[in-house]
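> Going down the list, the protein sequences come from chains Z and F.
-11 is the number of the first residue of the first sequence in this note's numbering; add one for each residue after it.
1031 is the number of the first residue of the second sequence in this note's numbering; add one for each residue after it.
Keep in mind the hints are simulated off the structure, nothing from the lab.
Backbone N, C-alpha and C fix where the C-beta goes; we use that ideal spot for every residue, glycine too.
Just so you know, not all the hints are guaranteed correct.
For each label pair, taking beta carbons as the anchor points, the in silico distance ranges come out as [as the list claims (entries may be wrong)]:
| hint | chain 1 | residue 1 | chain 2 | residue 2 | range |
| --- | --- | --- | --- | --- | --- |
| 1 | Z | 70 | F | 1057 | 29 to 39 Å |
| 2 | Z | 69 | F | 1075 | 42 to 52 Å |
| 3 | F | 1059 | Z | 138 | 19 to 29 Å |
| 4 | F | 1074 | Z | 70 | 45 to 55 Å |
| 5 | F | 1085 | Z | 73 | 46 to 56 Å |
| 6 | F | 1075 | Z | 265 | 24 to 34 Å |
| 7 | F | 1073 | Z | 103 | 35 to 45 Å |
| 8 | Z | 138 | F | 1074 | 20 to 30 Å |
| 9 | Z | 294 | F | 1083 | 40 to 50 Å |
| 10 | Z | 103 | F | 1059 | 37 to 47 Å |
| 11 | Z | 248 | F | 1094 | 24 to 34 Å |
| 12 | Z | 248 | F | 1071 | 17 to 27 Å |
| 13 | Z | 36 | F | 1075 | 48 to 58 Å |
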Amino acid sequence: MGDDAGTEMISDTDSNAPKPEAPEYAFDPRDPWTQTFQKGLERANLQGKAVYEVGIGTGINAAFVLRFCGAAAFYGSDLDPRLIALAERNLISLSPEHAELFQPVKGAVSLIDTDEAREKIAKTDVVIACLPQVGDPNDERFAAFREEQSVSLPAGAEEEAHDHIAHYYPWTMFDEYPFNSVGLGLNEALLRRIREHAPRAQVVMNFGARIGTELIFEMFRANGYEPEKIATQIVRQDIGTDISFFAALEGALQGTGFEKEFKCFFFADPEGKTRLSAHEAQRLVDKDPDTPLYHEVCVVRGTPMPAA
Amino acid sequence: MHVAQTLDCSGLSNVPAILRIKQALVGWNDDVRMGVLLGEGCDVERITGSLGAASSRVQLVTATKQ
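With the rest of the complex left out, here is chain F (with noise of 0.2 Å):
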C-alpha cells in the first residue's frame, strides 16, 4: 500500500487535528494510505489510539523545527 497526498495538520492541536483526518478519511480510497503532517503539540500516540482501525490508513509523521 503506497502513501499518497500529504494532509497538512500544522499549527492544530490534537482535537482539529482528529477532526481533519476523520474528515479527510471520508470517501478515501482505502487502497491508499494518507500521509498526516501533525504539528509539534500534538500526540501521536493517542492520536493513533483514538483513529482505531482507521489508524491503519494513515501515516503520522510529525513536524520538528529546525
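Next comes chain Z alone, as it looks inside the complex (with noise of 0.2 Å):
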C-alpha cells in the first residue's frame, strides 16, 4: 500500500534515537507508533509554535519537537500524574539548553479537563496527540457487545498491563461521542474541547488505522477539522493489545446488508499487501498468538474549518 505521505516499514531499532528514562508504567519510547509520530511531527511546521501534548508519556515527545522541530513553548499533561515528573527528567537528560521552554501541567489530568489545562490550552498553536483507539476489554458494555457478537476474548486479554492506559479506554465513558462506535470516542472527545477552547489550533494526532482512514478523517471533518496525511507507515501489531474490538465491529455488521462496505485493516505482511480483515487477523492469533500482524500507522493534522 501507498499514498503521498510516504508509506514504509519501520525498524524497531534506530541506533539514532535519544535514550529516556523508560519504566514500566510508561508506553515505550522506541515503540514504532512513536517513531511514526515523529516523523508526523517534523512535517507539521512547529517552528516556533506554541505546542500541547495531551497525553505526555515519557516526554519523548516533548524532547523531539523542542529539539528538532524548534517550538517556542511546549506545554503537556497526562492521567498518570507519575509521568509528568518523569517526562521532566528525561527531558533535562536527552535536551537541557530546551528545559526552560517545558511547562506541564501536573497532576492527573484527563484530556485537557483541568483549568490549568484549558488555560495553557488558550495559548496553544498546536495540540498533539496519540490516545488510545480500542475500547478496554474489561468495560462492561463492551464486553456485552462483543459477546453479542459471538466474538471471545482472547486468554490473557483481561490482565492490565503496567502502561495498560496508554492501550484502552474506558468506552463506556465516552460513549456521548458518536465516534465512539468506532474507537475513536477518546479521540473525538478531545477535538470537541479544543474546538471550544482553542478555536484555532491545530491538531496533530496520531492514529492506528485499523478501521481506515476514511472514518477517521470522516470524524475530524464531522468536529469543524480538515483532515491531512502528513505521516504513515506500517507497523507490527503489539502482541499484547487485544483485537477482538475490530472483529466485534466487523461481526455487528453480519447480515445488515454493509457487510461489504467495512473491513479493518489488518496486513499479513510488513509490505502491507496482503490484506486481513480482523475476523482473518483474529483467527490467526486464535491459532498462534505470536503470528505477527500488520497495520498502518498514520499522523492526521487538522486544520480547524471555518464555523458554518
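Since each chain sits alone in its own frame, please combine them into the complex, following the hints.
Laid out in C-alpha cells, this is it:
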C-alpha cells in the first residue's frame, strides 16, 4: 500500500534515537508508533509554535519537538501523574538547553479537563496527541456487545499491563461521542474540547488506522477540522493489544447489507500487501498468538474549518 | 410504546451509525423505543432495513441543516 504521505516499514531499533528513562508504566518510547508520530511532527511546521501534548508519556515527544522542530514552548499533561515528573527528568537529560521551555500541567489530567490545562490550551498553536483507540476489554458494555457478536476475548486479554491506559480507554465513559462506535470516542472528546477552548489551534494526532483512514477523516470533518495525512507507516500489531474490538465491529455488520462496506485493515506482511479483515486476523492469532500482524499507523493534521 | 433517550449519530455515515445503534441496543429495554438522530449523509431506508426486526425498537430521525 502507499499514498502521498509515503508509506514505509520501520525497524524496531534506531541507533540515533535518544535513550530516555522508560519505566514499565510508560508507553515504550522506542515503539514504532512513536517513530511514526515523530515523522509527522517533523512535517507539521512547528517552528516557533506553542505546542501542547495531551498524554505526555515519557516526554520523548517534548524533547523531540523542542530540539528538532524548533517549537517555542511545550505544554503537556497526562492522566498518570507519575509521567509528568518522568517527562521532566527525560527532558533535562535529553535536551537540557530546552528544559525551561517545558511547562507541564502537574497532577492527573484527563484530556484537558482542568483549569490550568484549559488555560494553556488557549495559548497553544498546535495540540498533539496519540490516544487509545481500543475499548478496554474489561469494559462491561463493550463485553456485552462483543458477546452479542459471538466474539470471544482471547486468553489473557483481560489482564492489565503496567501501561494499560496507554493502549485502552474506558469505552462506556465516552459513549456520548458518536465516533465511539468505532473506537474514536476519546479522540473525538479531545477534538471537541480543543474546538471549544482553542478554536484556531491545529491538531496533529497519531492513529492506528485499523478501521481505515476514511472513518478517521470523517471524525475530523464532523468536528470541524479538515484532515490531512502527513505521515504513515506499516507497523507490527502490538502482541499484547487485544483486537477483538475490531472483530466485533465486523461481526455487528453481518446480515445488515453493509458487510462489504466495512472491513478492518490488518495485513499479513510488513509491506502491507496482503490485507486481512479483523476476523481473519483474529483467527490467525487464536491459532498462534505469536502470528505477526501488521497495520498502518498514520499521523493526521487537522486544520480548523470556518464555522458554517 | 414511548420513545426515550435520543442517540446522537450526527456526523456519522451509514456504517458507524449502524454500529452505534446496534451497540446501544445491547441491553436496551424492549418496552421503550430508542430515538436515534441520524446525520444528513445517512440513508434512513437502508439503515432501517439493515436493522431487521430490531428496527421496531428504534425511531430514526434525520437532522437537517437550517
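> Now tell me, hint by hint, if it's right for this structure.
Structure-based check of each hint:
no., hint, verdict
1, Z:70 to F:1057: 29 to 39 Å, "36 Å, holds"
2, Z:69 to F:1075: 42 to 52 Å, "51 Å, holds"
3, F:1059 to Z:138: 19 to 29 Å, "23 Å, holds"
4, F:1074 to Z:70: 45 to 55 Å, "49 Å, holds"
5, F:1085 to Z:73: 46 to 56 Å, "53 Å, holds"
6, F:1075 to Z:265: 24 to 34 Å, "27 Å, holds"
7, F:1073 to Z:103: 35 to 45 Å, "44 Å, holds"
8, Z:138 to F:1074: 20 to 30 Å, "28 Å, holds"
9, Z:294 to F:1083: 40 to 50 Å, "44 Å, holds"
10, Z:103 to F:1059: 37 to 47 Å, "39 Å, holds"
11, Z:248 to F:1094: 24 to 34 Å, "29 Å, holds"
12, Z:248 to F:1071: 17 to 27 Å, "19 Å, holds"
13, Z:36 to F:1075: 48 to 58 Å, "52 Å, holds"
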